[in-house]
Amino acid sequence: MPKLVSHPDEVKIVSKRFGQGAANIDKYVELGGYDSAKKCLAQGPDWIINEMKASNLRGRGGAGFPTGMKWSFVPKQSAKPKYVLVNGDESEPGTCKDHLIFLHDPHSVIEGTIIAGLAIGAKLGFIYLRGEYRYLLEIMEKAVADAYEKGFLGKNIFGSDTEFNIITQSGAGAYEVGEESALMESLEGKRGVPRIKPPFPAVVGLYGGPTVINNAETIATVPHVIAMGGEAFAAVGTPRNGGTRLFGLSGHIAKPGVYELPMGYNLKKMIYEVGGGVRGGRGLKAVVPGGSSTPVLLPEEIENIGMDFDQVGKAGSMLGSGGVVVIDDQTCIVEFALRTISFYQHESCGWCIPCREGTDWLKKALTRFHAGFGVAKDIDNIQYLAENMMGRTFCPLGDAAAMPTLGFVKKFRKEFEDHLNGKPCPYAKHADLAVV
Amino acid sequence: MADVTFTVDGKKLTAPAGTLLIEACRKAGIEIPAFCYYPGLSLQAACRMCVVRQEKVPKLQTACTTPVAEGQVFITESAEIAQARKSTIELLLGNHPLDCPVCDAGGECELQDMTFKYGAGESLYTEAKQHREEQQWSPAVFYDRPRCILCYRCVRMCGEGMDVWALGIQNRGARAVIAPNGGDQLDCEQCGMCIDVCPVGALTSGSYRYKTRPWEMNHVSTVCTHCADGCKVTLGVRQSNDGSTIIRADNRDKSGINGDFLCAKGRFGFDFVESGDRLTKPLVRDAQGKLESATWEHALRFAAARLKEIRDAKGGSSIGIIGSNTTTNEENYLLQKIARTVLGTNNIDHVRTADYATFSRALAGKASRTVGLRGIAEAPAILLVGSNPTDEHPLLAWELRADVRLNRARLYIANTAEIKLERQARAALRVPPAGYTQLTGYLAGGKSSISDTTFRDALLAEESLVVVIGPELSGATLQSLIEWGLGREHVKFALLGDFANSRGAADMGLSPDLLPGYVPVTAPGDYAAEYPNLPRAPGKSLPEMLSSKLGALLVVGADPVAQQNVAPDVLKSTFVIVQDLFLTETAAIADVVFPSASLYEKTGTVTNTYGDLQLAKKAADHAGVKTDFEILVRLADALGADINKLVPFGKSSVTADLGQSRGAQAGEADRHAVWLAAQGLEPKLSPFDPIAVLDEIERLVPGYKLDRLNLFCGNDVATEPGFVPVSALTATATIEPAHDGLFTSGLLSRYSPALKDLEKHQSAVPAVAVAD
Amino acid sequence: MTNETMSVFSTELSARFDKLVAKYPVRRSALVPMLLYAQDEVGYLSDAVIADVADRIGITELDVRNVATYYSMLRFKPAGKYNVQVCTNISCMLRGGYEIFEKFQDELGIGHKGVSTDGVFSLEEVECIGACCWAPAIQVNYDFHDDLTPEQVPGILEQYRAKAAQGGKNA
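Those protein sequence lines, which keep their order, are chains A, B and C.
Our numbering numbers the first residue of the first sequence as 1 and each following residue consecutively.
Our numbering numbers the first residue of the second sequence as 1001 and each following residue consecutively.
Our numbering numbers the first residue of the third sequence as 2001 and each following residue consecutively.
Hints are computed from structural coordinates only; laboratory data are not their basis.
Be a bit skeptical, because a hint or two may be false.
What the hints assert, rightly or not - From the structure, some residues in chain B lie toward chain A, with a derived Cβ separation under 7 Å:
no.	residue
1	1046
2	1084
3	1094
4	1132
5	1135
6	1174
7	1176
8	1296
9	1298
10	1300
11	1447
12	1489
13	1491
Quick reminder that beta carbons are idealized off the backbone N, C-alpha and C, glycines included.
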């Protein structure tokens, strides 16, 4: 069972019901659950969208798109039914926040989905969980069934004449399905290959109908935004970065765990104070700030970074999914880069040439390189490969593979050079990484 | 959509708003490279080769998915773009085998071409290429997986284009492969379209692979000899020991009515030409009653002498002529002219696969009421009656699917049995067995046993309609349906028959009662002056000829003994002359047999079932054979006919050089003809030149007022049954649709090992359920 | 498939599938979960499973295979009764994921995608399973085991071995 952690700096909004048995619907209601949905039902779509816009809540999946604006793109009138789709395909290495939400607070996802549905005029929402999260899917299924039983879902939600339904869905192992249009494809029973955009999902989405797709954490935050009021939520964070976020501290951190901290919280403080510093008192070599796809930051780069979308972006990386992976000074960056690229090679859907072939060649080159068979030209070639993937692929997965690779090669070129001339890996632990 | 103006590489271009940039550029002569983009198929944006720079847009954009809008500015070639394309090619070449010297696609490979253009000469990788074994999916289709660049053209062509959906994409990432529906076997229509669209040598053809290099072939665009749709087919021909050999058939020339399309028969069924069963010497029955080889001179002299003897003794009415559905218009015209003016008989017919005579009579005097295939392909609404085009008219089926898919055309189907095209149909009407007679009454709103009124209501709501009629409708049933349509505005018709030139056979007067252009023999009009001695009474039909113990029977490219189930002794006392490629059952009982050339070995015109006239061009040579045209001219000459009257060749002062021969020992005139043909000019210097007869066809045959210049540039031109005289009569004729399937083709397919293999393969793979 | 006896699935699963396909706006939406549930019961996606699922959804077997081969949890060969999936992705790797994987290999005598001779276990190195903050983590079928050390590996195996001996179904 995942351990819950806490720290005094935490501002518990999304995680405030964690560990309190809120998976039980009565407990959830007792803790104020479903009040936001009822309020939204009374206030109507325009009010909801305005609150969401005021909250400065930005997508928690990684791209950080303002949620209120996303919802406002959905046309009011539509010949085809509209849908809400909750993205719980949490697969970005370093990220396990949705895991806790589904486990501890499944009704917040349901309530957020209802509110999103009310905002855009949808009658059906889907909550898609990655296939590996079977036990969490079962928790969600139970929660949905309970909500139907209470009349919170169904033909007449909360006794109104508004209808809203939720279907839970299981994936079957695919990171790429976390991309919103690939998610829709998967939900339509197809290969998880992204769609050409435009049209964007808000106009032509699931089954061709206008669709709002939000990350599970974003959706779970929605009821809290409504409860607090959009402005109050925005006030917790930094400008244009409203509220808190579930940051996952993992890797060589003394106290790993998911911490809810205000947007803009200082990264160095997060590692050294909240997370208790590098495990075993070792030195810090690097930090991956927002899941495996975000470029690595050096210790000197994290001094003054507030963890919000804009500040991390300015520092040359991305806030991403909020998965902070701490790397100590005993770690081989080449090995870390190889493990990262192996993941993207495994998960590339294969649709477009630069990603399919690029990830494959990067993995091959890094495998050989780390095994001690590299030549000087390889370092440039690896950089060249990654540079030529950047911005050229069909969907962001190519960038997600290229960006961290570029970061590793550029910031740790020396470490790559140390592997040359048949020298063994200076940090040798796993001379031959098993090939997934 | 309204036109918009945008800038590409500094040039102002105009195109309808929403046109894809890649298409707009191609039309303006700016070539943007692409592997996955294929016109008419769904967009992929997968290969990333068509990336361009759009002003004010941060990332490179794919031209295949960018609709043009007013004021946009694009750059399609720059150092940045060239680098993007180069690196994509480098990535592909990392795994792509460099077996170009032995690859079928070598020299015709889009990856080669792009490598040539963008470089990628340096290999960045030291790792081994990922090798996977080649697979054979069917007799026609091989898949070389390492060569595959995953552009998904084949998958879409098979699914969207053919509605077969036999190819899929399996696994993901670098392990992704194209996979067939039958495990390691392909259960499909074997059309080979997947091979055709493959930009590299990943999908190769069972009949062509490793046979030659593309540049060793001459490519001749001609007309397919199989069904009546008349696809343009490009034959790849290489010199060989006995003339020249057809190595490949495809549709690299996409200017034909078939555009991209070619079916299994067109693509693989050319090999009958090279069959060991081909006749290469004339045969004459000797005193012992055995067919023995003879010289052309002897065979011609012998045949002519006997014919003359019979004609002079018993009159022309004792001679019968049976023509072919696959010979050219010129040959058919000449055949009936010889019959009527040299042999003096109207006893001439052919196996009628559709009632073109009734069709033409019903439309006589009504111009612009028929529609060619190009017209059908863009019709907004089509009613298909009594046919299964998927099997019998693959090109029509292709065009109907494309019309529905790309133009949102509405297809209505009335048929006694369920057909596959109903998947594309807006509405389907199940006609009771033998119920086509009731169809007109139903459509007219009268009483009928068909109760489904929604079909009729939807159909009648259409502003314009193309009615495509299957061969099941003939005589009065056909006539009444056409009359119903003529009573409405904007209704046009097409009639479906079988074989490459059934329509031409009917148009050219291979009928006992009708002259070319459906002019009645009883009221011959201009023919009276042109055809001295024309008998004025209708002659015998094909069944009548076979049952009336004629003195002589001339059979050109037909096999009545096999086709009409004639008891062999019926023709015992008849002097039978056969011109054919093979020793058919009729040839086997003949007295003289002339080895003739196939459609791929001759020049002339053919008319497809929609009335589109096309020029077939000589592609191959087969030593020993002669065209039916030449055989007929020589036979007429031997009969003492005035050849100058029969074939209006050359200038009036030029005399026939009947001593010349074709092929390797071609005479002076022939070489001159080669030069003329190369210049796109019409030679007509020899009595064996069918184009001379085309002049006469154009002059005399109603409906054949041709756009001649267009025809000689290789385009299809329309004929017009509306010019048929309204006095046209037709006797009730027996209509015998061939009902050939995807791998059968009348008399020819049994001599095509490729088609036989495909049929065997398809009957062996278990039927896969059709998807909803 | 209307005739239950024809189905490769149990009566319960068949009934569940009947409901599942009717649940969505489009029948085909049931495909991905259906394949996973079918695998849970049958152990892998056999030809018969694929044919049955194709029939239930109303698509071709090729279509089912195209989709099924995309998803990494789906397999086409039998696995062990308990499929041990060891995450070695970055967060787990940094905290000893490979040591855990090696320990399982040693204990079971099998490698990546191997199946133990008694058929009780199979082993897989997998990508991130969403337990990064409790690394290193594994899944045995759908059970998570987190914050592991190599020393815990024999105990975990013992636990499932005992279950297998009791004839227990999927954990």
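Going down the list of hints, with the structure as the test:
{"no.": "1", "hint": "1046", "result": "5 Å, holds"}
{"no.": "2", "hint": "1084", "result": "6 Å, holds"}
{"no.": "3", "hint": "1094", "result": "6 Å, holds"}
{"no.": "4", "hint": "1132", "result": "14 Å, violated"}
{"no.": "5", "hint": "1135", "result": "19 Å, violated"}
{"no.": "6", "hint": "1174", "result": "4 Å, holds"}
{"no.": "7", "hint": "1176", "result": "4 Å, holds"}
{"no.": "8", "hint": "1296", "result": "60 Å, violated"}
{"no.": "9", "hint": "1298", "result": "67 Å, violated"}
{"no.": "10", "hint": "1300", "result": "64 Å, violated"}
{"no.": "11", "hint": "1447", "result": "40 Å, violated"}
{"no.": "12", "hint": "1489", "result": "33 Å, violated"}
{"no.": "13", "hint": "1491", "result": "33 Å, violated"}
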